[in-house]
Structures are given as C-alpha cells and as structure tokens.
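Residues per chain, in single letters:
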Amino acid sequence: EAQVTQNPRYLITVTGKKLTVTCSQNMNHEYMSWYRQDPGLGLRQIYYSMNVEVTDKGDVPEGYKVSRKEKRNFPLILESPSPNQTSLYFCASTKRDRGTSPLHFGNGTRLTVT
Amino acid sequence: SQQGEEDPQALSIQEGENATMNCSYKTSINNLQWYRQNSGRGLVHLILIRSNEREKHSGRLRVTLDTSKKSSSLLITASRAADTASYFCATDGGGSRLTFGEGTQLTVNP
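Residue numbers (our numbering), protein chains in the order written: chain U, 1 to 114; chain H, 1 to 110.
There's no promise every hint is true.
[What the hints assert, rightly or not] Partial list, derived from the structure: chain U residues whose beta carbon lies under 7 Å from chain H:
#, residue
1, 42
2, 43
3, 90
4, 102
5, 105
[Stated by the list, open to error] Covered by chain U, per the in silico footprint, the following chain H stretches (three or more residues, Cβ under 8 Å):
#, region
6, 39 to 48
7, 97 to 107
It should be emphasised that the hints constitute simulated quantities derived from the structure, not laboratory data. All C-beta atoms in this analysis are idealised placements derived from N, C-alpha and C, irrespective of residue type, glycine included.
Here chain H stands alone, though its shape is the one from the complex (with noise of 0.2 Å):
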C-alpha cells in the first residue's frame, strides 16, 4: 500500500514565485525522502530528514517534518522553469522498504 500521499496533485505557478508541495503518511517512520523526477527519467534525491528533526535546508528548499501529524512538505522558493517536474516523497518505517507516494507535478511557467 501506499504509505507516503503527496497534496496536491498538480501545481502551475509563475517563475520567482514559492512552491509548496505536501506529503502525508499513515505509519511511524524513520526518516522521509523527497525525490524529483524529470518527464521520463530516473528520481533524483533531493532531502533526506530524520524523524527526530523538524526543518532541513538545503539551497532553495526547506523540508519539514511533523510527525505528529504524520505529515511533511517541501518548499522551494524562487522557482525557476528548469524546477518543472514530478516531486516524491518517500518514507523509511525501517525494514527493506522505502515507499514512495503518488508524486506532484510542478509546472513553473516562465
């Protein structure tokens, strides 16, 4: 079953704006990923934050983290059109298994 949700579905913003993207999941995890794909091509990882953390940084993405309401959401600002593509996230709940929700697809209009 799929683990990680991502809201919403699809996002259609203007260059220079924020875009903000959302993950809910059901389990208790050890750490959530987010991953972003290009039209056809493999993911590419983005973040990776723990459970015991809260807010991670990195270059124009800030990722947070509330377990407690089992959620997360990526951000990125000053989108650019080269950010168009498909965001993942991804949970760990320990074992083998990383599960990767259904995605969202960022268009950034120029």
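For reference, chain U alone in the conformation it holds in the complex (with noise of 0.2 Å):
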C-alpha cells in the first residue's frame, strides 16, 4: 500500500533533549516536506527537499534541522526542543513534478514539549 509513515504517532518530552521524528515514503517519491499544524495558523512549512541531498528552509525552519540520505526518508530533528515547539507534525511527499501532483501526508505526530 502506498503510503507515508512517520513515527512516533504521540511524543511527549522535555526541553532541551534531543529527539528525531521519522518520515518514510515507499512511493519512489522525490518531494517531501514538513509541516507543523498549530489553532489559528494552519499548516506552516518547516522545511522541504527536492531529492537526495536537497534540502532547503520552508516558512517556520528556527530550531528544526533534516536529513535526505536516502530518497525515502526524510526525518525531523528538534536538537533542543523548545515549548513552543509543542505542536502537529506532518510529513508529506509526492512527485518530481511537484506543481500537478498531489501531496500524501502522514498520519501525523503530536509533540509535547514541557
């Protein structure tokens, strides 16, 4: 089945530990991004790569960092986790040929940072 998998589902942390969000796609996929969803904001870009080792700041990068070794995943670093990082975490992927392909998310992550 094609799909997006990002783990884990539910995160709850401290500030300051270190912590990796995964992100993989089995669809051959070139694009992928990462989102944060946050109550009156909607969906902001917190970065994107346009293939293996490609990446490139979206909207909202402060405090994120990723990775594209490999052109099925593509996880999210928060390397000093912040409260105001607390929020939803999509990722997301679709073709090369980004501007008539639609995207497939995640299910999500929900991340507490306390």
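Dock the two chains into a complex; use the hints.
Now the structure itself:
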C-alpha cells in the first residue's frame, strides 16, 4: 500500500532533550516536506527536500533540522526542543512534478514539549 | 505568509444539504488544490484545478476557480455525516512550495 509513515504518533518530551521524528515513503517520490499545524495558523512548512541531499528552508525552519540521505526517508530533528515547538507535525511527499501532483501526508506526530 | 484563506472558518449544516467553502489568495498561481482532514489525521487530497480551468468535478465535489478574483470555491453536494472534517485549499504559485490556508471546519449533522 502506498503510504507515508511517520513515527512516533505521540511524543512527550522535556525542554532541551534532542529528538527525531522519522518519515518514510514507499512511492519513490522525489519531493518530501515537513509541516507543523497549530490552531489558528493552519499548516506551515518547516523544511522541504526536492531530492536526495537537497534540502531547503520553508516558512518556519528555526529550531529544526532535516536530512535526506536516502530517497525514502526524511527525518525531522529537534536538537533542543522548546515548549513553542509543541505542535502537530506532518510529513508529506509527492513526485518531482510537484506542481501537478498531490501531496501524500502521513498521519501526523503530536509533540508535546514541557 | 498564508496564501490561501478559507471562508467561512466553520460551517454547520444538515445531512443532505450542500456545503460551500471559499478560498481567496493573493498572488498568481499555477494551480489550486483542496484537501480534507479528519480530526487529528493527515490531509487527504481531494481535487486539483489548474489556473487555466474554471470548473472541475469529482463525484459530489465541484470546484470553481476565478483567477480574476483570485478565489476558488468547493461545493459538496448532498452532504453526509461522514463529510464532517476540515477542508483546506492549497495554492501552488510555482517554485517549491505549496501554501495552505487555515481551513474550514465543516460539521454535517445527521
């Protein structure tokens, strides 16, 4: 089944403790992206990747890192999480021709930083 | 900055009625997409309309696009309780980003 898989689904952590949210897709998509969703703010893009070893900042990249060493994986790294990073996070992917291809989303990771 | 803005923010209707949601955007686009999100879940793509198209249908969904007014509407006909969800428009203005609005929360009452 074609899908985008995020893990974990729920995560509670403390300020400053490094964490990684994994994202994997099995559709051989070139484009992958991370979003965060907050009430009243909609979805905001954190980082995206057009292909292996190619990443770029989205609208809200501060406090996050990503890597794209393999085509299927695009982990999101929070080196020193803070409470303002408490949010619902989504990974998404699509074909290289992103302009006419829909995004496929994972089921989300709800992160709480205390 | 948010490109697409949905209106209304929330909509409550009875089963069988039609639901209309609107999306406005600021800059020129290549295409506009509509997505649906069940509570707390990932977004699911519904329909894409290109900038040179005016109307598109998919089952009970009808999307219109007016590039002169920079607006789009999503019509769900004969709504069902299972249509209860949040609906987002997303604009593709070229480059590498798809920009989402804040969504319309649709509640369909049985």
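Hint check, failures only: Every hint satisfied by this model.
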